[in-house]
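Hey, can you work out the whole structure from these sequences and the hints?
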Amino acid sequence: MTDKITGAQALIRALEHEGVDVVFGVPGGAILPAYDPLLDSPIRHVLARHEQGAGHMAEGYAWATGRVGVCIATSGPGATNLVTPLADALMDSVPIVAITGQVPTGAVGNDAFQEAYTTGITMPATKHNYFVTSPDEIPEVVHQAFHIASTGRPGPVLIDLPKDVLNAETRWHEPEELNLPGYKPTYEGHPLRVREAVELIEKAERPVLYVGGGVIKANASDALRRFAEMTDVPVTTTLMARGAFPDDHPLALGMLGMHGTYTATTAVQRCDLLIAVGARFDDRVTGNPATFAPHAKVIHIDVDPAEIGKVRVPEVPIVGDAGRVLSQLMEAWGAREAPDRSAWKETLRRWQREFPLTYHQDPDGPIKPQYVIEELARLTGGDAILVAGVGQHQMWASQYWRFSEPRRWINSGGLGTMGFSIPAAVGAKAGRPDDLVYAIEGDGGFQMTCQELITAAAEGLPIKVALFDNGAHGMVVQWQRLFYGGRLSASLLGGEVDYVKLVESMGCAGLRAESPDEVAPAIEKSLSINDRPVVIDFKVDLDEMVFPMVPAGGSNDDVIVGPGGGPVAPASDLP
Amino acid sequence: MSKHTLSVVVEDKPGVLARVSSLLARRGFNIHSLAVGPSHEEGLSRMTIVVDAPELEQVKKQLHKLINVVKITELDPDQSMEREIMLVRVAAPPGRRSEVLEVAAIFKAVAIDVGASSICFQVTGPPNKINDFLELVRPYGVVDLVKSGRVALAREPKTTRQRLKAV
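Which chain is which? The protein sequence lines are V and X, in order. FYI, the numbering for the first sequence is 0 to 574, going by numbering that gives the first Met the number 0. FYI, the numbering for the second sequence is 0 to 166, going by numbering that gives the first Met the number 0.
In case anyone wonders, no lab produced these hints; they're calculated from the structure. Beta carbons: idealized from backbone N, C-alpha and C, even for Gly. Keep in mind that a hint or two might mislead.
[Claimed, not checked] DSS-like mimics (lysine-lysine), calculated; alpha carbons at most 27 angstroms apart, straight line: (1) K309/V with K60/X; (2) K70/X with K183/V; (3) K60/X with K296/V; (4) K2/X with K309/V.
[As the list claims (entries may be wrong)] Stretch by stretch, here's where chain X covers chain V in the computed footprint (C-beta under 8 angstroms, at least three residues): (5) 119-127; (6) 392-398; (7) 466-473.
Structure follows, in structure tokens:
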């Protein structure tokens, strides 16, 4: 064990030591030394076609498995191409470790070939980053990076390794005890606050849970379900938390916010107690924060203290891990009886009846995107990992898919990265090869990252893709129609792409559905092809808009429920 | 916006100053002054940061998210000692030299460079003393000026000091 090895060998051994089974990357000059020992390692390398793809693959892997995703890129352009996935992972608290090559130490700062100031550029896009100056540091740095990425509020960590450090000799040693005096996440909620929270919950007449992605990160879905049932509190889930609570549960109200269900968004507006768990009061959830949940006292549970009080000052702040704190709350709740909340729940059920999600599929008309989602859910039995890009199709997927389990919904929430779905689906498939992984992507996003289908085909990762093809940046068109007088500036894609031929040329099966009656057969066909990736080009209706909608910055009291329906907020419903 | 003084203990690692200043800029907090140097403990540095922020809680919480930040203390001006050093070159032709030196003597400002037409003073003390001195010499003509940025430490808690007095 004390044989001399190179820094590069130490790096690969350190990754093995962390239990890494797959890495996603693109080689290049400065990172070349690290690629040589990779050939002798049991770690699988998936060769992405673009570093952005490698980064999103690492994210998809992390979302689907709960383990740290790893991506590798070279210096300069390799590293700058990783900036988008790093920023994406920071916004959505996705644990990934990025490894970048750097020009040799002696050349740093000299504008050398393929030099970029990677640690400087990625400083605000990572939870933490490292510039390694000696091969002896590698075991500790890698160990710390995995620890920081996966604990507390998870996030991306980058390790920048100059080529001479990778080539230099060192001796392997087991990483020493973590020495991070400035990093001590709090997991246990303060007992006094827990008691205060229980008192508020016991007194509340119209409580609502506002559940964010933190519940999934903390693997706290079971605890959430038991807590909601024990205290009899209805549950809204954010875009990031879809699947954290089963949609078919009687207490489930679905997604809240800008494109949330009328009932979920309005329940929060009318509630007297809002219990936020692993959520951060994002503007897409709150609308105008000054008018958000105006009657509510707030209990805010989050592992990141900086989220508490950032947007809304809570009555009861609880810093801690979502699962631990929910367990503490249940313990403190003990054998209490939930008060009678039948009037509140009846009101919610009435809203659900009066303002359901609606669309109309004319059998002779163009394909409605919502219909595709519903057919996908029906024909797969909902038994799939669904990976969305960003835009209208993402909202429809979140609205119309009935989620039953965590880690089966993957998307780019905070940063809103178009083109996320295909590489993220590849990463998810690498992490969970036995699961059906279905990506949903708009044609705008598809044209940004579709080359990763070549990766999927070449690496034997047979994902499936539902392409929502409306010839436009659909959400941009929607906003231009609603807020810019219908002036479609630069939102129609133009060009004629034969997606079937395009994906066939990349080693995938290509299918097409142009009318409603072709939807189900195409999906069935896609499910029968498992030896290569499949893409279905669904020609969908560009005139369809995502509703309900709260215009950006507007009040969540003014939910527009449909194209004909202006703001609907029956004041008489205030209990 | 109001000014707040923070005493921040950080790990002595390359790039820490960049992390702190970049974070403050990114979150929209204005740095009024920042001074950094080694602390009494090996491997740790102490920063004294004066920030303009409507609400300090967020500044502290965001800084705490930096892995290399170990401890943050907000210093109450009444319970802490704040000091600055200023070097100021004042126009002082031979005819006015003694007049300028007289003002300087009141403030215990030290003449560290005397030339034919100017004198450079070193003044140390609380920020208001430095500013008072500056205002007094300004009419003579300030040729050049540099300030160190504020450094500060908390006083010992009052109860202990009272007890010491009693002894």
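Broken hints, by number: 6 and 7
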